[in-house]
Every structure is written in structure tokens, then in C-alpha cells.
Amino acid sequence: MAHDASSPSTARDAKKKRIRGNRSAKLKQSKLDVRREQWLSQESDPSSVWIGLVKDGKEVKAVVSPGAAAGANSGSPILASPHPPLPRRRAEIRTREGDPEDFKEDSVGASQDVGSSDHESPLHSPVSYNPPIGCLQQKHCSGNGGGRSFSSGSSAWSSSRSVTDSDDDTGGSPENDDDGVLDDWEAVADALSVDDNHNHQDPVPADPPVVPASCPVPANAATRQEPIKSSTRAWSPDDAFRPQSLPSLSKQVSFPASMGNCWVAMGIGSAQKGVPSKPTSCPICYEDLDPTDSSFLPCPCGFHLCLFCHKRILEADGRCPACRKQYISASSGGETVGSEREMGNLRLSRSCSMGPRY
Amino acid sequence: MVDVSRVQKELTECNRDREVSGVSITLHDGSTISHLTGTIAGPQGTPYEGGTFVIDIRLPGGYPFEPPKMQFITKVWHPNISSQNGAICLDILKDQWSPALTLKTALLSLQALLSAPAPDDPQDAVVAQQYLRDYSTFSATARYWTEAFAKNSSTGMEEKVQKLVEMGFPEDMVRSVLKSVNGDENMALEKLCSG
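Chains as they are written, first to last, in full-length UniProt numbering: chain A, 1 to 358; chain B, 1 to 195.
Everything labelled a hint here was simulated from the structure, so no lab data went into it. Just so it is clear, CB atoms sit at the ideal spot from N, CA and C, and this is done for glycine as well. Incorrect hints may have been included.
Said to hold, decoys possible - No farther apart than 25 Å at their CA atoms in a straight line, the calculated lysine-lysine pairs in the BS3-like style are these:
hint	chain 1	residue 1	chain 2	residue 2
1	B	Lys9	A	Lys311
2	A	Lys311	B	Lys163
3	B	Lys179	A	Lys325
4	B	Lys69	A	Lys311
5	B	Lys94	A	Lys325
6	B	Lys179	B	Lys163
7	B	Lys69	B	Lys9
Said to hold, decoys possible - With the C-beta cut set under 8 Å, the calculated list includes, among others, these residues of chain B facing chain A:
hint	residue
8	Asp3
9	Pro60
10	Pro64
11	Asn85
12	Cys89
13	Lys94
Claimed, not checked - If you want the ones that stay clear, here's a sample from chain A, every Cβ over 12 Å from chain B, calculated:
hint	residue
14	Lys31
15	Asp33
16	Glu37
17	Gln38
18	Leu40
19	Ser41
20	Ser281
21	Pro291
22	Asp293
23	Ser295
24	Ile313
25	Asp317
26	Arg324
Using the sequences and the hints given, assemble the complete structure.
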């Protein structure tokens, strides 16, 4: 449910973002850095966790223990209102990065947790799109005593702080470095044909600075480095950790209809058969097909005919002229005709969107 | 009641590539579109090779939602075609007709039927039995019938027309009469004289 609501909006955001382009992204980046500093100076830690939760939706919110949720609630309005969608997502990403570290610091040096968070972090990136993975995360959290890690605000705070601090440290110097990585990410995004550039761009500038910054830090360095690396890897096309659901996700984002998949499954076959040979005139009466007729597909076989001929056939034996299968009975005819026409339209739109790919 | 525009389009479409398909349709007598005459060329590599088979086509009022009534005018020796009256046993001309089919596709189906007889579902039991028991005799008979009846009508048709026209009969009448008597010159002359 949360997915349906969130994915179109993120897709829209992403498109806008993309139009604005690389340059403005960089500008925004520097602005964001400033803002982040502001937040960090004024906010209390649980709120940052909360912001991430708001983004991820209800499922994750349910995981948070009541006390933490209450604490977060108090913090969130301050942040969420002054910073509309973009910063919010940024914060969410930060907390995402924070999560695995969160676990680590909670279960001090427990190798199991480190390993698991390594596995988890790649999954984190697509979380905003995918409910199943969100659920996975949820399970994971509860498995690790996730409630505790979330509610223990201090750890979340420290992790997010370390990220941003390091970012600030290196913020001025490696502009070129950032650029290179940015381009790389965009290339990856294109390769994946994922519309959302936003989420790719954002974590990247934050990530690379962390690595060099955390290196000098002796205790957490190793553990911190790994998840971030793997999170970068998560989006590279050849990565083993890349979630299997990723390709289908990019598809889902491009489908306007939430029922898209189900129609598409039915539609592709007939679209391939039907659309290229789509007649301009009714094959029965040889009259020209008007738009209503041409979107009228009474039979799953994809045979086009005009409404008059269809009616005539229904009055007689009621079998499809092409496949000779019985049309749906006349009593339910009205309804099926309607739904079938919808289906036809969907097929059309689908085939149009598929067109360039063939 | 017959869908005139469809039939007319079918006729032009069918006759556009008559040389290639070996199938053509003409109006039977020019007055009504519901009575047509089709011709098919005997398929290569069969006893019917080289023959031209004339088929009488009558379109029922419900055409194309009802199948056209087709019957061989040319006598043909074939398990699925009556040697007596030329009636055809072919499913698409009966219960398997579909309005998506056309006169041309029906005629092409007849052409296919000539090259692939179905003796298990015969129209003419005698021919079917011969086909199953003594194929060589069947083949010879079919070839003979093709020679005798299917080639007569086409080969030398122009000569016959020419002859009869020279006798003083109008050309279209000569052609239609010749067609109706299956190209028999003497019978045509008789008919022309009597009618």
C-alpha cells in the first residue's frame, strides 16, 4: 500500500530533478550540506530516525517502539516543515546509512551483526520503492532487536553525525572527485533505466567523503567502511548483492497503472500479435474502424472488428471469427465489453511505451 | 441483404492477383451480386493439374455471417466432391465458416482440398473407396476427368467465343452460355439458338 502511494511521487520528483540537471544538483548539494549542519546543530537525534521512518512508511513506523515514536514525534515537525521533500529524503538516506552502523554499535563488535548489516545495506537503497524489501528490513530489524536499535537515539545520532562530519571535513576539497562519482552514478542509473536520479545522486556525495574520513578513525573504521562500500556496490549492474527485485522495480516505476503488471502479462502477447497487424477497416464488413472500434477487443485473441459486426455475431453463434472461441455470454456482455475496452486501451498505451524497446 | 460493398471489395481484391493465386471470381450473370462464379486452377503435382475448375457461388442473405454456398460446376473426381452434382464437403463451408473468411480464402481452401483429399470424411463414397483401395485407378480417373472436363472449358475458350460471335451472337451472351454449359460448344450453340 505504501508503495503505491510513494513510488509515483518519487518518480515525479525524480523527473523534475533530472530536468534540472547536474549543475543544479551540485548547487543543491552544497546547500544541503549547509542545511545539514544547521539541523545537526539544532536537532535531537531521534528526529533524524523519525524522518527516515516517515519516508519508509507505516510498516517501518510500526517497528519503532512506542517510546521512540513519541520522542521522534516531538522532533519531527520542526524538521519536516522547513525542509520539503528533498531534504527529507536526504535525511532519510543518512539515517539509512546510519542504520547498519546503528546495529553495530548496539551489539558491540558482534561479527554476526556486522555481516548482516553488510548484507542489508545494499538492500537499503531501493527501500523507498519496494514494500517487500521494506518488510525485509522490518524483519531484519526485529530479528536484531531492531526496536532497540531504533529507539536508542544516541547511536543513530552518532552515526549520522559521523557521516556528516566527515562530509563537512572533505566538503571543500574533492569537488572533482565528487563530480566523477556523480557521473558514474548517473551512468549506472541510466544503465538500470531507473528514473530516479535523485536517490542516486544524493548518497554518493555523502559516501565517498566518509570513506577517507573514517579511515583515520581506528575503532569503527573497518565496520563503517564496509556497509558504505556495499551500498555503492548495490547499484552497480554487475553486483552480486544487487537485489533481484531491482529490474522489476524500474519497470514498476514506469507503469502508470498500479494494475499494470497484470494487464501487461495479458497484453504483451496480444500486443505483439495484434498491434502490428492492426487493421484500419473491419475485416468483416470492410468498413473503416473508428477509434471506438479499433480499441474494441472483444476476444483475448486480439481480433479487431467493428461493434456492428460484433453485435451481429453475438446474435448468431457468438463465436470469434478469428479463433472460433465463444464470445463471453450476452448477459454479461455489457460489462465485459467495457472492461475489454479498457484492456484494449491499456494494451495500446502499453504497446506505445514498449515501442522504442523493440 | 448481402453486404454489397464487402462483396465488391472482395471481388476486386481477389481478381487483383488472379494470375498468382490461380483463383478468380466473376459475377455469374451481371444482374445480381449474390450469384457468382469462381474458378480455381488445379494444383500442381495433382491429378487436377492443368485444369480450371468452375465453381458456382451463391451468397445467402446473411453473408458474410453465413457461409457462401459453393458447388463445382466442372465435373471433378475427388473424394470430397460429389461426382454427380459437384457438392462439396468442406467444413469451412458449413459449421466452420467464419465471417473473417472471404470468397477468395474459401476458393483457396477448395484448391487445397483438391491437393489434399480427406477420404475419411467423404462426400462421394465411391470415389473415396477407390482413393483408399486403389489409388492409381483413382489418380488415373481424376486425371481423365480433369482432361475431359476441366481443360475443355478454358483451353480454346476464346476460339469458341470467337466462332459463336462470328455466327452472330452477342459476345457476353456467348460467354455466359458457354460458361453455363461448361464450355461445350455444341450445347452452347443449341442453347443460343433456342434461347
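Hint check:
1. B:Lys9 x A:Lys311: holds, 22 Å
2. A:Lys311 x B:Lys163: violated, 53 Å
3. B:Lys179 x A:Lys325: Outside the cut-off at roughly 40 Å; violated.
4. B:Lys69 x A:Lys311: holds, 24 Å
5. B:Lys94 x A:Lys325: holds, 16 Å
6. B:Lys179 x B:Lys163: This hinted pair holds, its Cα atoms lying about 15 Å apart.
7. B:Lys69 x B:Lys9: Distance of about 19 Å is within 25 Å: holds.
8. Asp3: holds, 6 Å
9. Pro60: Status violated, d = 12 Å.
10. Pro64: holds, 6 Å
11. Asn85: violated, 28 Å
12. Cys89: violated, 19 Å
13. Lys94: Hint violated; B:Lys94 Cβ to chain A Cβ min 12 Å, cut 8 Å.
14. Lys31: holds, 65 Å
15. Asp33: holds, 67 Å
16. Glu37: With a cut-off of 12 Å, A:Glu37 remains clear of chain B, as the shortest Cβ separation is near 72 Å.
17. Gln38: holds, 71 Å
18. Leu40: Its Cβ never comes within 12 Å of chain B, the nearest being 72 Å, so this holds.
19. Ser41: holds, 76 Å
20. Ser281: A:Ser281 is in fact no farther than 12 Å from some Cβ atom of chain B, at 9 Å.
21. Pro291: holds, 21 Å
22. Asp293: Given a closest Cβ separation of 15 Å, the condition holds.
23. Ser295: Check passes; 19 Å lies beyond 12 Å.
24. Ile313: violated, 7 Å
25. Asp317: Violated, because the least Cβ-Cβ distance between A:Asp317 and chain B comes to about 9 Å, which does not exceed 12 Å.
26. Arg324: violated, 6 Å
The earlier numbered hints that this structure contradicts are 2, 3, 9, 11, 12, 13, 20, 24, 25 and 26.
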